Amino acid sequence: MSPDKPSRRQRLGSYVAIGLFCVFGVVQFAAADPRPWGVAAGWAVATVIVFGPLAWLARDRLPPDRLETLTYVAFGGGILLASLLLGISLAFEPALFPYGPGVLVGVALGTLLVLLAERTVVPERLRSAGI
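So that you can map any letter, position 26 of the sequence shown is 25 in numbering that gives the first Met the number 0, and since no number is skipped, the others follow by simple counting.
Since the hints were derived computationally from the structure, they do not count as laboratory data.
Since we're looking at a predicted model, the values are computed, not measured.
Every residue gets a Cβ at the ideal spot worked out from N, C-alpha and C, and that includes glycine.
Watch out, some of these pointers could steer you wrong.
To be verified - Derived Cβ-Cβ restraints for the label pairs, each shown as a range:
(1) VAL22 <-> SER82: 22 to 28 Å
(2) ALA31 <-> ALA73: 26 to 32 Å
(3) ARG10 <-> VAL72: 18 to 24 Å
(4) ASP64 <-> PHE23: 19 to 25 Å
Kindly generate the complete structure, drawing on both the sequences and the hints.
Okay, structure coming up:
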């Protein structure tokens, strides 16, 4: 097996971790009273608006190896930004921290919609047209 490819065990571990995170979000959302459908829908729409065009442009204009590197950098920057926002919101006003089951479900749904739209809706001819 190539050293660049993850093993089956590594992929399975990643899928289990992501699955547990999703189950955690669903359980939180189901336990919330009342269920924050409006917050979830708002975060889903915001995620699609922000990340949809970025995903399309990145897939269209970047070679696969550079796209992988950029993905790692983006996730690292996202983790740093989330940590910074958490620290600021806890230092100044806990009510400013936007976390909750609606946020988690909304971002997950928005990301799923972006991935599905980017893989199925965007025609191949537009990807290669340099738009």
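Taking the hints in turn, this is what the structure says about them:
1. Restraint check, VAL22 to SER82: a C-beta distance of roughly 24 Å satisfies the suggested window 22 to 28 Å.
2. Restraint check, ALA31 to ALA73: a C-beta distance of roughly 29 Å satisfies the suggested window 26 to 32 Å.
3. Range check, ARG10 to VAL72: Cβ separation about 22 Å, and the 18 to 24 Å hint holds.
4. Between ASP64 and PHE23 the C-beta distance comes to about 33 Å, which lies outside the given range of 19 to 25 Å.
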